[in-house]
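Each residue of the sequence shown is one higher than the one before, counting from 223 in our numbering.
I should point out that these hints are in silico values taken from the structure, not numbers from a laboratory. Keep in mind that a hint or two might mislead.
[As the list claims (entries may be wrong)] The list that follows gives simulated cross-link-like pairs (lysine to any residue, SDA-like), each with its CA atoms no further than 25 Å apart:
1) Lys355 <-> Arg369
2) Lys355 <-> Asn374
3) Lys247 <-> Gln281
4) Lys355 <-> Arg300
5) Lys247 <-> Glu260
6) Lys247 <-> Asn374
7) Lys247 <-> Phe357
8) Lys247 <-> Met223
9) Lys355 <-> Arg296
10) Lys247 <-> Gly370
11) Lys355 <-> His376
12) Lys355 <-> Ala314
13) Lys247 <-> Thr267
14) Lys355 <-> His268
15) Lys355 <-> Thr267
16) Lys247 <-> Gly362
17) Lys355 <-> Gln378
18) Lys355 <-> Ala367
19) Lys247 <-> Thr229
20) Lys355 <-> Val259
21) Lys247 <-> Ile230
22) Lys355 <-> Gln261
23) Lys355 <-> Asp290
24) Lys247 <-> Ala314
25) Lys247 <-> Arg277
26) Lys247 <-> Cys297
27) Lys247 <-> Val347
28) Lys355 <-> Glu228
29) Lys247 <-> Gln257
30) Lys247 <-> Val308
31) Lys355 <-> Met223
32) Lys247 <-> Leu351
33) Lys247 <-> Arg288
34) Lys355 <-> Arg317
35) Lys355 <-> Glu299
36) Lys247 <-> Cys273
Fair warning: this is a prediction, and the values are worked out from it, not measured in the lab.
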Amino acid sequence: MNTIEETIEVAVPVRTAYNQWTQFKSFPRFMSAVQRVEQIRPAITHWVIRCGPVRCAFQAEIVHQRPDSSVVWRCLERHPSHWGEVSFRPTAPERTQVTVRIETTPGRVASLLTNASSGLTRRVVRRELGHFKEFIEGLGQESGAWRGSIHNGHVQPTEPEPPRSRVARWPVG
């Protein structure tokens, strides 16, 4: 297994950086390798990635997600397989450290991309984090947010359902 870890600091609060990261469909707007992301279910996404002539499509499951802290996923494909984590840590009131860690198991053509000695995957992750920095700092705010939690693949909304209103129901009409 190969491990890649890259960190970047962005000039936005941790909540803003985290909220934008949860907007997976927006990734093709700033990540050049990501062509499409579809949210199949709250914890399942479908990705289409292209790096040079190599195109890869896979589904990923979000295993753990904690607002303003981290998102952990695993690829649902057997070969090549990977898992990853992105973590968010405030470094100042308006600054956030974003760390991406990916572990891969190579397979067939993708072994060229996941070979840590080639450094290709590391360079792609570094470049894409730079694109995220430019995007979020340029916006200055998130384009959306999902504030729920996921534990062991089970989705848990952050806010409980509101209590029923105690106001009397008035007849309409």
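Against which earlier hints does the structure fall short, listed by number upward? 2, 4, 8, 11, 17, 24, 31 and 35
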